[in-house]
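My request is simple: use the sequences and hints to build the entire structure.
2 protein chains.
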Amino acid sequence: MKDLKTRFTDYIHRLQDHICREIEVCDGQTLFRQDSWEREGGGGGRTRVIEKGRVFEKGGVNCSVVHGELPELIRKRFGVEQGWFFAAGISLVLHPENPMVPTVHANYRMFELYDEEGGERKDVWFGGGADMTPYYLFEEDAAHFHRTHKQACDSIDPKLYPEFKKECDAYFHNTHRGEGRGIGGIFYDYKRDETGTGEQLETWFSLARACGDAFTRAYIPVADKRKNLSYTDAQRYWQEIRRGRYVEFNLVHDRGTLFGLKTNGRVESILMSLPPRVRWDYGFEPESGSEEEKLIGVLRQPRSWV
Amino acid sequence: MKDLKTRFTDYIHRLQDHICREIEVCDGQTLFRQDSWEREGGGGGRTRVIEKGRVFEKGGVNCSVVHGELPELIRKRFGVEQGWFFAAGISLVLHPENPMVPTVHANYRMFELYDEEGGERKDVWFGGGADMTPYYLFEEDAAHFHRTHKQACDSIDPKLYPEFKKECDAYFHNTHRGEGRGIGGIFYDYKRDETGTGEQLETWFSLARACGDAFTRAYIPVADKRKNLSYTDAQRYWQEIRRGRYVEFNLVHDRGTLFGLKTNGRVESILMSLPPRVRWDYGFEPESGSEEEKLIGVLRQPRSWV
Chain L
1236 MKDLKTRFTD YIHRLQDHIC REIEVCDGQT LFRQDSWERE GGGGGRTRVI
1286 EKGRVFEKGG VNCSVVHGEL PELIRKRFGV EQGWFFAAGI SLVLHPENPM
1336 VPTVHANYRM FELYDEEGGE RKDVWFGGGA DMTPYYLFEE DAAHFHRTHK
1386 QACDSIDPKL YPEFKKECDA YFHNTHRGEG RGIGGIFYDY KRDETGTGEQ
1436 LETWFSLARA CGDAFTRAYI PVADKRKNLS YTDAQRYWQE IRRGRYVEFN
1486 LVHDRGTLFG LKTNGRVESI LMSLPPRVRW DYGFEPESGS EEEKLIGVLR
1536 QPRSWV
Chain S
1236 MKDLKTRFTD YIHRLQDHIC REIEVCDGQT LFRQDSWERE GGGGGRTRVI
1286 EKGRVFEKGG VNCSVVHGEL PELIRKRFGV EQGWFFAAGI SLVLHPENPM
1336 VPTVHANYRM FELYDEEGGE RKDVWFGGGA DMTPYYLFEE DAAHFHRTHK
1386 QACDSIDPKL YPEFKKECDA YFHNTHRGEG RGIGGIFYDY KRDETGTGEQ
1436 LETWFSLARA CGDAFTRAYI PVADKRKNLS YTDAQRYWQE IRRGRYVEFN
1486 LVHDRGTLFG LKTNGRVESI LMSLPPRVRW DYGFEPESGS EEEKLIGVLR
1536 QPRSWV
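Protein chains in written order, with this note's numbering: chain L, 1236 to 1541; chain S, 1236 to 1541.
It is possible that some hints are incorrect.
Since copy identity is lost for identical chains, a pair holds within one copy or between any two.
[Unchecked claim] Below, a list of computed lysine-lysine pairs in the BS3-like style, where the Cα atoms sit at most 30 Å apart:
no.: 1; residue 1: Lys1529; residue 2: Lys1497
no.: 2; residue 1: Lys1426; residue 2: Lys1237
no.: 3; residue 1: Lys1240; residue 2: Lys1357
no.: 4; residue 1: Lys1311; residue 2: Lys1497
no.: 5; residue 1: Lys1401; residue 2: Lys1497
no.: 6; residue 1: Lys1426; residue 2: Lys1497
no.: 7; residue 1: Lys1357; residue 2: Lys1311
no.: 8; residue 1: Lys1357; residue 2: Lys1237
Keep in mind that the hints were calculated from the coordinates and are not lab data.
Printed below as a string of structure tokens:
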């Protein structure tokens, strides 16, 4: 059997193909274009971007498979003097034009550490998750997204979803605003083999596959249901204000983004997560009793959706 | 004579009045509105905002004068277990609508540390600076802005400008892009009394006054000269793309912004620095030989302007 990192790499590339195809069908007009790139220290990636589509104003579905000497930032964080790493992941963000369609994000990744080039493997872990950021709250959409991911997690272990849901709410939180980035989903990180047999690593790989496969089932029906709804300029304005909060989270709090920017990652691939058009007004407040205010209420006080 | 912090506080409030008046005259249409606010732990501020003006799409000229127990973040940074602080400052950012008019930022501040409430003063320092971010490069504007600040610094000590100019280029740098935020200006921090007599503190206060007073002379003539130039949709597009870089700097690298957000500062006053409308496209590149590319050249390789 092929080794874990080869199988994981094969999987995320297949998943990238699958998701891009489904997104293109949903968009109905615009196709992804691909940028393949190489990393100076080893490895590379394929960034796929859709822009100015009928449904998707901007989006990226990126794979990267990189390896090499550990960047200084990680060496410090793990307190090691030298080391080599392998990291593979798929990361996607989709920003629809219509404010009735939520923005969505997902990421599945694995990481390996070695003592030297081609040397003994010292550590392996998996991380991942998916979360949704609506501009207008349709409760049935939030429930569908959560339920679909719960089923994927349950197929591995019913204990996982409740934990991952909580971690997602805790992680995607704009502490400086006291608000969640969106209505959550699932989030997990540093999933290792605790048994020493490597068996659990197969479980975490299965989890990534189950959740990765669930993505289009969780999101595409939501996008399809809302993409032809009409909206006003004021609703679009609100979407652009809320996209500002998305930028604030990604640039101030998101570990992955900051790690990428501080370790000389490929800037355009990292920042494809930022929305296409954004607005910051001073002291913008939604009207009392409005749909906009209702959304804020849910972001301040995360709910159970299943 | 009143104590230093009272005199500094009086000065920044007078400066705020002066700058707002001059900006209103330059705008010719819209006035600032003021939000006075109080800080839970002690002190408060007056935030003045102009929005959707004829010249200024968004801008803020804010004073804050705060005191209280040291936030945990500073206690850690300075390695002290407890302490009290006083901090006063004026901070301004102006985002013009016309891409021919540069964005501008300035900030003058002082900081005092005490061992306990009402106790002995342990440390005092001043910081400040002003810098300009054009979307299209008019060399004479950059030269005027630098020359005016050089004259202000020279009135205190001719050694200061060359040092502060260099620090400004180093500080306002988007390391992840390999680009300066703009064409620089001056920047200084942690200016203390090295003599033990307190004499140098008077010098740093004089410096803040000289530079603070220079602001309108440095910027308003530039804004007046460019505010009625015509521009195309493509030039506005470019401005919005570049504003994205401004956001990246402020949220990823700016110490003041991150410090404010992480110590429970007043979010709307801190983030008034963010531009009103912003755009992120994937892999946007200016045309070879264009004015836009010429700007990037200067941001990558800071120049001497005097």
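To see whether the hints hold, each was checked on the structure:
| no. | hint | in the structure |
| --- | --- | --- |
| 1 | Lys1529 - Lys1497 | between (37 Å within a copy, 27 Å between copies) |
| 2 | Lys1426 - Lys1237 | within (21 Å within a copy, 61 Å between copies) |
| 3 | Lys1240 - Lys1357 | within (14 Å within a copy, 56 Å between copies) |
| 4 | Lys1311 - Lys1497 | both (13 Å within a copy, 22 Å between copies) |
| 5 | Lys1401 - Lys1497 | both (28 Å within a copy, 23 Å between copies) |
| 6 | Lys1426 - Lys1497 | both (24 Å within a copy, 29 Å between copies) |
| 7 | Lys1357 - Lys1311 | within (16 Å within a copy, 33 Å between copies) |
| 8 | Lys1357 - Lys1237 | within (19 Å within a copy, 64 Å between copies) |
When the structure is compared with the earlier hints, no violation turns up for any of them.
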